[in-house]
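Trainee: Use the sequences and the hints to build the structure in full.
So the chains spell out like this:
Protein chains: 4
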Amino acid sequence: MKDQPEQRATRGERLAAAYRQVRQETERRAAPLSPEDQLVQSMPDASPIKWHRAHTTWFFEQFLLVPHVKGYRPFHPDFAFLFNSYYVTAGPRHARTHRGVVTRPSVDEVDAYRAHVDAAMEKALATADTTLLETLAPLIEIGTNHEQQHQELMLTDILHAFSLNPLCPAYDPAWQRPRSTRGGGDFMLAEGIHTVGHNGNGYAFDNEGPAHRTLVGPVRIARDLVTNREWLAFMQDGGYTTATLWLMDGFAVATNEEWQAPGHWREIDGEWHTMTLGGLRSLDLDAPVCHISYYEADAFARWSGKHLPTETEWEVAARSGQLNDAFGIVWQWTRSAYSPYPGYRAVEGALGEYNGKFMVNQLVLRGSSLATPEGHSRVTYRNFFYPHHRWQFMGLRLADYRS
Amino acid sequence: MKDQPEQRATRGERLAAAYRQVRQETERRAAPLSPEDQLVQSMPDASPIKWHRAHTTWFFEQFLLVPHVKGYRPFHPDFAFLFNSYYVTAGPRHARTHRGVVTRPSVDEVDAYRAHVDAAMEKALATADTTLLETLAPLIEIGTNHEQQHQELMLTDILHAFSLNPLCPAYDPAWQRPRSTRGGGDFMLAEGIHTVGHNGNGYAFDNEGPAHRTLVGPVRIARDLVTNREWLAFMQDGGYTTATLWLMDGFAVATNEEWQAPGHWREIDGEWHTMTLGGLRSLDLDAPVCHISYYEADAFARWSGKHLPTETEWEVAARSGQLNDAFGIVWQWTRSAYSPYPGYRAVEGALGEYNGKFMVNQLVLRGSSLATPEGHSRVTYRNFFYPHHRWQFMGLRLADYRS
Amino acid sequence: MKDQPEQRATRGERLAAAYRQVRQETERRAAPLSPEDQLVQSMPDASPIKWHRAHTTWFFEQFLLVPHVKGYRPFHPDFAFLFNSYYVTAGPRHARTHRGVVTRPSVDEVDAYRAHVDAAMEKALATADTTLLETLAPLIEIGTNHEQQHQELMLTDILHAFSLNPLCPAYDPAWQRPRSTRGGGDFMLAEGIHTVGHNGNGYAFDNEGPAHRTLVGPVRIARDLVTNREWLAFMQDGGYTTATLWLMDGFAVATNEEWQAPGHWREIDGEWHTMTLGGLRSLDLDAPVCHISYYEADAFARWSGKHLPTETEWEVAARSGQLNDAFGIVWQWTRSAYSPYPGYRAVEGALGEYNGKFMVNQLVLRGSSLATPEGHSRVTYRNFFYPHHRWQFMGLRLADYRS
Amino acid sequence: MKDQPEQRATRGERLAAAYRQVRQETERRAAPLSPEDQLVQSMPDASPIKWHRAHTTWFFEQFLLVPHVKGYRPFHPDFAFLFNSYYVTAGPRHARTHRGVVTRPSVDEVDAYRAHVDAAMEKALATADTTLLETLAPLIEIGTNHEQQHQELMLTDILHAFSLNPLCPAYDPAWQRPRSTRGGGDFMLAEGIHTVGHNGNGYAFDNEGPAHRTLVGPVRIARDLVTNREWLAFMQDGGYTTATLWLMDGFAVATNEEWQAPGHWREIDGEWHTMTLGGLRSLDLDAPVCHISYYEADAFARWSGKHLPTETEWEVAARSGQLNDAFGIVWQWTRSAYSPYPGYRAVEGALGEYNGKFMVNQLVLRGSSLATPEGHSRVTYRNFFYPHHRWQFMGLRLADYRS
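Residue numbers (this note's numbering), protein chains in the order written: chain A, 1 to 403; chain B, 1 to 403; chain C, 1 to 403; chain D, 1 to 403.
Treat the hints with caution; some may be incorrect.
All copies of an identical chain are treated as equivalent in the list; a pair is satisfied when it fits inside any one copy or across any two copies.
Stated by the list, open to error - As a list, the in silico SDA-like pairs of lysine to any residue whose alpha-carbon atoms are at most 25 Å apart:
| # | residue 1 | residue 2 |
| --- | --- | --- |
| 1 | Lys-306 | Ala-211 |
| 2 | Lys-306 | Gly-209 |
| 3 | Lys-70 | Leu-351 |
| 4 | Lys-306 | Val-347 |
| 5 | Lys-306 | Arg-382 |
| 6 | Lys-123 | His-273 |
Hints are computed from structural coordinates only; laboratory data are not their basis.
Mentor: The following block contains the structure:
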């Protein structure tokens, strides 16, 4: 069968447009940041902005251009080593904890790296035949989704670095928090078998499937996110110092880290403030609480006489359309450990390392946050972090099993 | 209503007999051990035998004798501090990591402590009226079950200490491993709703409930435990050095700890041996593998193209009667994180700390081991350890989701 | 030349008597301690009493019996591994930090080990000819001196373990602190060239030589040791919290360890007590301060407007006979780093590891303590510990360079 | 007495010229470095270039402008917090380990800070009367000497960061190592009393005094520095793996850090290279060895059958004019611990923290290195580092006590 030029062109152009849009969003997010801002690695869990920009570029180079585009020449022989994150199968890589040491390549060179790969991508998509486009399409899909995940991390990582800076710099002085909804109350999920997980229509990461049937309920789910006002009540009731409210591991962390409030909060002359993308701001009591760890979320739930929902409860509730602010404000901790769904098996090769090897010691968060790029808010999305982590935009909603 | 003397006597005697039996089993397990053996704490996770013997005694003193038996005088004013394990509500306590420093009280004094409490218990049960017996009965039940849990730890902790001793001492030179069964094959659990968890008939720890309905299957479960022979095949296939078989956290531990074989294994002149309660023995290829961590169990399952079962799959399978060696050889890792069952809520007071505060970062094991005391082998029992732990008698069986 | 039987007998008997006396003193010191007391290793710097008793025995076996006594059969093939301390040249050895794990051999077996080696030593000395006695004499000399060093450590190590025990056990309830002298004042050492270090007459460790000439003075040296009364004044003046009084490394340790008083001190209901070999005692204000680190001694000296003396200043002062309590109460910190004397060179072989490899990062203490065995108090003796150490019987006297 | 305008002008101009020269040298050293290069902190011991530039500026602001120049307005209210290094007396300060997090102020703002302080300094020196100049002169002297010390650190710190960068960037591609001299042999220092330490003529840091008499010799001192060729012989003779050549603490570090060669060395295809200010270069066998720790220097000396000299031996030898390359190539380890000279007492106030509080746990190096600014090479200069440090330009020469 011959190529059908118009279809090919359409397909290629559509892929190029999608690619371009994601790449531009990354640059838009990096734009307010100086070369120094782009180098800093404020803790081993965070990465430099420059590294995010280069690593997402390497991802296309490594998994698409090098194996599938004839004549492509890698930009620099050492960049595969520098900008591989954790793909053992893709070869040796620079130690994660040392990313902040790499002052060179400079921001300018990373600009050039991105331009080099973008040009090669554009050219490849403009000239590929249908067969090659079939091969490239899923790689572009995972590559752009991958880059979008890093877009969120760019904001959380720079906010963490700025939160450690005594000068409290603002990423965007004009930043405003997204509007949230307060309706109050909860609703009942009656016992029933539901299919959860991604069914394969549209893009999803491999860890969102296989879709499978599960029994959910009866349980009541809160419509609203927990707010700063509620969190202050917990604090004023001695929440952070009452051992019996806490998981033992959590209380050890809270004690060692001297936690007395959510992350990025600062008390100044008796008033609580919080570091935001807009700089240091007075605490907004009606805003959903943010930058809390699983340990804190769990202690708060226990203090409330309630629980965190499981991830399947959350998903069924979200599908029912009864959750306020399910998306776009804060990721919501669930009490589900991050485990493979029944029958989950990672794909072969380096991309099989994408999600599977993290499936222990972490907990699932659902929804999405104010930093989540468009298109990543879906009911099956499984975000995951360690229970002591709190530098992401993380909050909670409650569940109640009492009848 | 008046006391009915005969019933009371019967009730009291039955309780006393149950109490006595458990207390004697503790002493039977400690009998082969010298005063030095009873002091050693070979790692922070383990406790001295003497401490186990005193702590289980304190448990009765603290939760039964002091609050409920008039005129009881504690044996020693400092023992509550020394022998409280982790009950924040029961007052301050000695640091867990320093238990091995407490050379005094001596073994003889701990003998006297046990005798003092035993005498008080016998007297209390011989003289209590029905109302008091009603109060004491559940405390004796939890106290004896608690002591039985420590009986298992006594064997695992001393084996760990002996495994670090270049002389390879034997706890019991005449010890023989329990017979295991090899039938081969697996069986199908079809999709179905099952009630799992403890229904309240007979004793169970609070974390075994509430009983609740859940959807299980379809999945195939192996009838047999994985053996040393199979484990050697994994080792010979490079299992311990192939990063892609491992969870990332697990591979980091395996690398740091230089794991090359299960715990307590030693290679001598090219032959594998293993430290057992009977001392150093040649490896028995047909025996179920033991002393493996969750990380290793998970890597083995991935290497096998299979999975570990969830704890509910295990429970439903065990209820079906189709598992060989479900009990009495090795605890079996499941891939279920240790979380509260829906609606679980710890009881008020110090005993509420018994299980609930550990419900994060650990994985569930099911079944029981060769060290488990009689009566603790039941299908709802939830044992739990951190994924890097391997000093317990831990093994695995496999599950398969492939159709 | 023929053997001269009588001389030989005298020589052999004298050596045997010296040997016997030291060995008995070790047993005398261990006598009050139970098997558990003899096992505990309360920190990596300390060792179990049982280990001290076996290690000093191994020293004779390793360096005297095995190489020089025909037909000697080592007591146990694994004891060389278990009881070698740090002699790389003498073969592999058990990790220092794990000495407390070795519950077996038991105290009884260590008794038997000591008896076995003692019998072999007695026999060897009773039958050796003059030539062999010439060979054995220096080995007995270093072996007994070595064992005496461990005798001191036995007391400091068990006191440390007891100080961590909430029950505050007493090593010897009848123990009384040695009398100290208070004369007051200081005296001048005018500038002059002195020979310091050991000149080879009588026994000395290799690090005490070579004797060499050095220029000392002018400096004033305090006649008395610093007392608890003076130390309390330092404490009450904020000594432990005034950063500018401290060496930077020292203040970091004091802060991390939360030091607020010397080691083994405890404040009970507003009164200071201190753990001694006699158990917990009220603080004796006139006693020399004990259990202070170099960092504390240095801060005290700075607070006093004075200095610690150098080790050569101390030695010249001690030779002049003007020091009160130079010996027998507390070792006295000097501000001299533990370095080799000019031209010092360790002997060849394993015994060359005795002192030389520690000559960095430690500071010299001079004099001797209440735990020092007879014969170890001499003006050239160089004791040495890390600047944060304080579990030995350590105190200070001051020097003053102001004219 | 009236001001004498001309003298004043001369004095002020001379001070301004000295100040300007030092400040310009700092900028000259920073010139090749990008904003990212100026941010990186590659280990806690190192500091960002931007921080060095700001800290040295703060030093003048804190100790000269604020207390002594009327009307001076600090550049930024938070800079005292950000750029105080370790002066407790000067107020709270940012954690040393977090200097690399401070992306803002930017390099441009630090430029402006330096310009602001420079302008204020110029103006103050142009207008001060004689009395004020008397006050300012010693502060300018210590401030410029302080800044020169940081100039050396700028080069060692950026070289360390570049050495961790897989791309091996060059600070100055045209850099050439300074010429060294090879004459061979050694010379005798006969026993004699010498005055060592600074006598107060010309500038010196407080730790260089008081000058005092000491007895030196007899000892032979090598004329030349140890070379890479000699170091390779040590390596090929198993120097890095022979425990008996090492101090115990040193061998532990060497093992943990997996040292197999001096710092910044890399073996590529069997050939040794070393990271220099000119980038990665083939090893020059005739060059003095560089980037070795005290532990390595000491092991090499022992392997050679010789010793490191003491600092007073070095000083007397240097005064005699018989040392080749005493200055300008590598600092030379001595075996002298960094201690106060007899009668040394730090000045009152914050500047008293300059040197005194480091006088423990470090060893003295003498001479100067290729990175040492002009005017800092003098026979009394006492440099000091911890024995495991090797990122400075550090080497050794040998001493011999054998007659």
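Trainee: None of the hints should be skipped; say for each whether it holds.
Mentor: Against the structure, the hints come out as follows:
{"no.": "1", "hint": "Lys-306 <-> Ala-211", "verdict": "between (28 Å within a copy, 19 Å between copies)"}
{"no.": "2", "hint": "Lys-306 <-> Gly-209", "verdict": "between (29 Å within a copy, 17 Å between copies)"}
{"no.": "3", "hint": "Lys-70 <-> Leu-351", "verdict": "within (21 Å within a copy, 66 Å between copies)"}
{"no.": "4", "hint": "Lys-306 <-> Val-347", "verdict": "between (38 Å within a copy, 14 Å between copies)"}
{"no.": "5", "hint": "Lys-306 <-> Arg-382", "verdict": "both (23 Å within a copy, 23 Å between copies)"}
{"no.": "6", "hint": "Lys-123 <-> His-273", "verdict": "neither (49 Å within a copy, 41 Å between copies)"}
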